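Guided by the hints, dock chain B onto chain A, whose structure is given.
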Amino acid sequence: MYEILKAEKLAEKIYLMDVHAPRVAKHCQPGQFVIVKMDDKGERIPLTICDYDREAGTITIVFQEVGASTVKMGELKQGDGFRDFVGPLGCASEFVTEDLETLKNKKMVFVAGGVGAAPVYPQVKWLHEHGIDADVILGAKTKSMVILEKELTAVAGNLYVTTDDGSYGRSGMVTKVLEDLVSQEGKSYDVCVAIGPMIMMKFVCLLTKKLELSTIVSMNPIMVDGTGMCGACRLQVGDEIKFACVDGPEFDGHLVDFDQAMKRSQMYKTMEGRAMLKLQEGDTHHGGCGNCGGDN
Amino acid sequence: MANVLNKVPVREQEAKVRATNFEEVCLGYNQEEAMEEANRCLGCKNAKCVEGCPVAIDIPGFIKEVKEGNVEEAYKVIGKSSALPAICGRVCPQESQCEGKCIRGIKGEPVSIGKLERFVADYALEHDIKPEGAKETNGHKVAVIGSGPSGLTCAGDLAKMGYEVTVFEALHELGGVLVYGIPEFRLPKQKVVAKEIEKVKELGVKFETNVVIGKSTTIDQLIEEEGFEAVFIGSGAGLPMFMGIPGENANGVFSANEYLTRSNLMKAFDDSYDTPIAAGKKVAVVGGGNVAMDAARTALRLGAEVHIVYRRSEAELPARVEEVHHAKEEGVIFDILTNPKEILVDENGNVKGMKVIKMELGEPDASGRRRPVEIAGSEYEIEVDTVIMSLGTSPNPLISSTTKGLDTNRWKCIVADETSGKTSKEGVYAGGDAVTGAATVILAMGAGKAGASGIDEYLKNK
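Chains A and B, in that order, give the protein sequences. Residue numbering for the first sequence follows my numbering, starting at 1 and increasing by one per position. Residue numbering for the second sequence follows my numbering, starting at 1 and increasing by one per position.
In isolation and in its complexed conformation, chain A is listed as follows (with noise of 0.2 Å):
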């Protein structure tokens, strides 16, 4: 078992949890993410590593509820733990082998979009360490959804929070915050990491190619096994066929086909629906559902 040595709810349906896991603390880069499984029965769940302590041996995870799964991951507690937890998987950053010269000559502009922040944590953070301040765009749909604020304020050159609803920070989604600091700001990048969710990245995309601004994205498609076995998480980034879970998860954002990727992961909706409301009604649920082994 890998035991939660910290659980903490950061948002409505958003949690936080330090997980004991020293060979992953180990070996982790930024850009990198981690599988779970619960229990016996559970689902290994792609996880965007959001921290980690070599030393202490710990991986910070983030994740939103979306199915039934995290839901039951959400009531984790201190002291409770994961059946599984793999890792790190994918390949780290491409800024991570780059030349650390080089790299400080890149104005680099993040944008991270709900629990997008997560992922974007480590890599901005790993910049500040090597003596590189980028920019970050942090976008939430309301004041209350914005997470991990005090953490980048930290380690970002200058941060950018906005809201959908215009309760916190800015007012309008991260594309409009990015368009505004190029082309009214007087700002100018070399390159963009956009992650979120998908149809934000898309977006991004679609600004940054007009911008002419090359942007990196990470994708966080459906996967069973995370190591190149099953080809799930297929996605098609310009002419090729790329496995997210060896080949990325990170890609240029120019060549993703986000149309695609996103029917893919649209995949199981009717399946998800059916076990959260087979989770939301418990023992009382008795079919109906057509697919769960109810008494109908």
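The hints are simulated quantities; they were obtained by calculation from the structure and are not laboratory data. Warning: the hint list may mix true and false statements.
Listed below are the simulated EDC-like cross-link pairs for lysine to aspartate or glutamate, each with C-alpha atoms no more than 16 Å apart in a straight line [claimed, not checked]:
#: 1; chain 1: B; residue 1: K462; chain 2: B; residue 2: E418
#: 2; chain 1: A; residue 1: K41; chain 2: B; residue 2: E173
#: 3; chain 1: A; residue 1: K263; chain 2: B; residue 2: D346
#: 4; chain 1: A; residue 1: K187; chain 2: A; residue 2: D99
#: 5; chain 1: B; residue 1: K355; chain 2: B; residue 2: E381
#: 6; chain 1: A; residue 1: K26; chain 2: B; residue 2: D335
#: 7; chain 1: A; residue 1: K263; chain 2: B; residue 2: E225
#: 8; chain 1: A; residue 1: K26; chain 2: B; residue 2: D271
#: 9; chain 1: B; residue 1: K267; chain 2: A; residue 2: D40
#: 10; chain 1: B; residue 1: K355; chain 2: B; residue 2: D385
#: 11; chain 1: A; residue 1: K242; chain 2: B; residue 2: E248
#: 12; chain 1: A; residue 1: K263; chain 2: B; residue 2: E347
#: 13; chain 1: B; residue 1: K352; chain 2: B; residue 2: E248
#: 14; chain 1: B; residue 1: K189; chain 2: A; residue 2: D40
#: 15; chain 1: A; residue 1: K26; chain 2: B; residue 2: D385
#: 16; chain 1: B; residue 1: K267; chain 2: A; residue 2: D39
#: 17; chain 1: B; residue 1: K355; chain 2: B; residue 2: E383
#: 18; chain 1: A; residue 1: K41; chain 2: B; residue 2: E383
#: 19; chain 1: A; residue 1: K41; chain 2: B; residue 2: D220
#: 20; chain 1: A; residue 1: K278; chain 2: B; residue 2: D271
#: 21; chain 1: A; residue 1: K26; chain 2: A; residue 2: E55
#: 22; chain 1: A; residue 1: K278; chain 2: B; residue 2: D270
#: 23; chain 1: B; residue 1: K206; chain 2: B; residue 2: E173
So the derived label-pair ranges between C-beta atoms look like this [unchecked claim]:
#: 24; chain 1: A; residue 1: K209; chain 2: B; residue 2: N348; range: 24 to 30 Å
#: 25; chain 1: B; residue 1: D365; chain 2: A; residue 2: R54; range: 52 to 58 Å
#: 26; chain 1: B; residue 1: T20; chain 2: A; residue 2: D165; range: 33 to 39 Å
#: 27; chain 1: A; residue 1: E94; chain 2: B; residue 2: G331; range: 36 to 42 Å
#: 28; chain 1: B; residue 1: H127; chain 2: A; residue 2: G81; range: 34 to 40 Å
#: 29; chain 1: A; residue 1: Q266; chain 2: B; residue 2: D58; range: 52 to 58 Å
#: 30; chain 1: A; residue 1: V71; chain 2: B; residue 2: N348; range: 23 to 29 Å
#: 31; chain 1: A; residue 1: G81; chain 2: B; residue 2: E226; range: 21 to 27 Å
#: 32; chain 1: B; residue 1: G139; chain 2: A; residue 2: N158; range: 55 to 61 Å
#: 33; chain 1: B; residue 1: E73; chain 2: A; residue 2: G81; range: 41 to 47 Å
#: 34; chain 1: B; residue 1: E12; chain 2: A; residue 2: V71; range: 42 to 48 Å
#: 35; chain 1: B; residue 1: G139; chain 2: A; residue 2: G131; range: 43 to 49 Å
#: 36; chain 1: A; residue 1: R54; chain 2: B; residue 2: D58; range: 49 to 55 Å
#: 37; chain 1: B; residue 1: E316; chain 2: A; residue 2: D53; range: 28 to 34 Å
Because the structure is a prediction, the values reported are computed rather than measured. Note that the Cβ used here is the ideal one computed from N, Cα and C, for glycine as well.
Coordinates of chain B only, in the frame set by chain A:
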């Protein structure tokens, strides 16, 4: 008394019944049947069957014990050569190995060696007969990567020689392809695989799950930081291949690996598990190997009408005859000499059909089989909602790309000596699908055996 020219028939679940459940198809021999079948063995001095066995089991030796009703002794004879007899008795292609060489087969049917092996192994599992391990350890640490057939065999053999062995497994369950690939109805997971692995544990082998070598740690780190003196790589096949035809990324197109992993490893066929599977109502499985048969028969059990779509003729099907026979009995439809051209997709991105073309056989190709050639103008559409691609795999680069000095060939398979498993890197040995590309359980076991003796040789002379 049955005709001595024929095998004692083995009891099976009836095709119509088993097509709707995941219980094991073949029920195996009981002791009476096993002893009767064992009596058909001529006990050849210069036994051809042993030559046909990749791990060289003393076949006449164990059968002699069965004849006399000494099943425990029979198990010990097999145990000298194989750590996984209950598995091999079920999934080895005996018809082209031991049984293919049996003298009885010249006139009549060969001795049913596979079913006898299975009987002996199941008896040992039921009666909890312990394998014979080493008296004491020799203090040398060996790491084995992967808990599939090659890794388990290598680990078991090394433990018997006294080595301290740790097996690292990337997934959350032990067994590799035995648990994620081969379905429950051919190889029961709890009753057979888990128990047989338990026997390897009893030999003193340690296991660590959730360790992806190349990511969680590397081979160089295992040697430099964790004190392992030798490493055996049995990491298995790898990345599934697709055809590269239009529509292949549509929802409803799966690799056989994904479909089988969801059902076998994640137990998606069982509602009490959380992982979903899109069973499909009308399924096309593209390919003709054992994996294709497994995927087809799984889809059938999940309630679908299933078609095998294969570009050559039935004679070229690479799957075992027994598997093809079982699939047909259960109702899988074979569309042979047929090849997909395009997967048809609806406006929501879901599979709605497949455009295929008829093929005919031309001149023999490099593999010696007659090359399938398209018949011009013979395209037609079939209505399916699920397509399972079972076209083989290409090697996973996780280990080769993170291990200094480990050579791969032009197909990206690890280069290893056939008789010792020795690779280009000192102290590192390899075998199984990571070396050969996708092959059989027993060949991987043979390679695991070779690796164990190679490592033993290396560490003794170090």
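Going through the hints against the structure:
1. Of the pairs offered as hints, the one joining K462 (chain B) and E418 (chain B) is violated, with about 21 Å between alpha carbons and a cut-off of 16 Å exceeded.
2. For the given pair, K41 (chain A) sits about 12 Å from E173 (chain B) by alpha-carbon distance, which is consistent with the 16 Å threshold.
3. Taking the CA atoms of K263 (chain A) and D346 (chain B), the gap is near 11 Å; set against the 16 Å cutoff, the hint holds.
4. Between K187 (chain A) and D99 (chain A) the alpha-carbon distance is near 24 Å, which puts this suggested pair outside the 16 Å criterion.
5. For the proposed pair K355 (chain B) and E381 (chain B), the alpha carbon gap of about 4 Å is at most 16 Å, so the pair holds.
6. With a CA separation close to 52 Å, the supplied pair K26 (chain A) and D335 (chain B) exceeds the 16 Å bound.
7. A C-alpha spacing of about 45 Å is found between K263 (chain A) and E225 (chain B), which places the hinted pair above 16 Å, so the restraint is violated.
8. Only pairs whose Cα atoms come within 16 Å are accepted, and K26 (chain A) paired with D271 (chain B) is rejected, the gap being roughly 37 Å.
9. Annotation: proposed proximity of K267 (chain B) to D40 (chain A) holds, straight-line Cα distance about 10 Å (limit 16 Å).
10. Only pairs whose Cα atoms come within 16 Å are accepted, and K355 (chain B) paired with D385 (chain B) is accepted, the gap being roughly 13 Å.
11. With a CA separation close to 13 Å, the supplied pair K242 (chain A) and E248 (chain B) stays within the 16 Å bound.
12. Distance hint between K263 (chain A) and E347 (chain B) is fulfilled; the C-alpha atoms sit about 10 Å from each other, no more than 16 Å.
13. Our distance criterion of 16 Å between C-alpha atoms is met by K352 (chain B) and E248 (chain B), whose separation comes to about 12 Å.
14. Taking the CA atoms of K189 (chain B) and D40 (chain A), the gap is about 14 Å. The hint holds against a cut of 16 Å.
15. With a CA separation close to 44 Å, the supplied pair K26 (chain A) and D385 (chain B) exceeds the 16 Å bound.
16. The suggested pairing of K267 (chain B) with D39 (chain A) holds, with an alpha-carbon distance near 13 Å, which does not exceed 16 Å.
17. For a cut-off of 16 Å, the pair hint linking K355 (chain B) to E383 (chain B) stands: about 9 Å separates their Cα positions.
18. Taking the CA atoms of K41 (chain A) and E383 (chain B), the gap is about 34 Å. The hint is violated against a cut of 16 Å.
19. For the suggested pair K41 (chain A) and D220 (chain B), the alpha carbons sit about 35 Å apart, so the restraint of at most 16 Å is broken.
20. Proposed proximity of K278 (chain A) and D271 (chain B) is supported: the alpha carbons are some 11 Å apart, at most 16 Å.
21. With a C-alpha separation of about 8 Å, the suggested pairing of K26 (chain A) with E55 (chain A) holds against the 16 Å cut-off.
22. Between K278 (chain A) and D270 (chain B) the CA atoms are separated by roughly 15 Å; this keeps the pair inside 16 Å, and the hint holds.
23. Simply put, K206 (chain B) and E173 (chain B) have alpha-carbon atoms about 14 Å apart, close enough for the 16 Å limit, and the pair holds.
24. Look at K209 (chain A) against N348 (chain B): about 26 Å separates their beta carbons, and that is inside 24 to 30 Å.
25. At about 54 Å, the beta-carbon gap between D365 (chain B) and R54 (chain A) stays in the expected band of 52 to 58 Å.
26. Remark: the range hint 33 to 39 Å for T20 (chain B) to D165 (chain A) is contradicted by a beta-carbon distance near 53 Å.
27. For E94 (chain A) paired with G331 (chain B), a C-beta distance near 51 Å fails the hint of 36 to 42 Å.
28. Taken as a hint, the range 34 to 40 Å holds for the pair H127 (chain B) and G81 (chain A), whose Cβ atoms sit roughly 36 Å apart.
29. A beta carbon spacing of about 57 Å between Q266 (chain A) and D58 (chain B) agrees with the range 52 to 58 Å that was offered as a hint.
30. At roughly 26 Å, the beta carbons of V71 (chain A) and N348 (chain B) sit within the given window of 23 to 29 Å.
31. Here the CB-CB span from G81 (chain A) to E226 (chain B) is close to 24 Å, well matched to the stated 21 to 27 Å.
32. Taking 55 to 61 Å as the suggested C-beta distance range, the pair G139 (chain B) and N158 (chain A) conforms, at roughly 59 Å.
33. The hinted window of 41 to 47 Å between E73 (chain B) and G81 (chain A) holds, with their beta carbons roughly 45 Å apart.
34. The hinted range of 42 to 48 Å is satisfied by E12 (chain B) and V71 (chain A), whose Cβ atoms lie roughly 43 Å apart.
35. In this structure, G139 (chain B) and G131 (chain A) meet the distance hint of 43 to 49 Å, their C-beta atoms being roughly 47 Å apart.
36. One distance hint, 49 to 55 Å for the beta-carbon pair R54 (chain A) and D58 (chain B), holds here, with the actual separation near 52 Å.
37. Checked against the hint of 28 to 34 Å, the pair E316 (chain B) and D53 (chain A) fails, with Cβ atoms roughly 57 Å apart.
The structure does not agree with the numbered hints 1, 4, 6, 7, 8, 15, 18, 19, 26, 27 and 37 stated previously, though it agrees with the rest.
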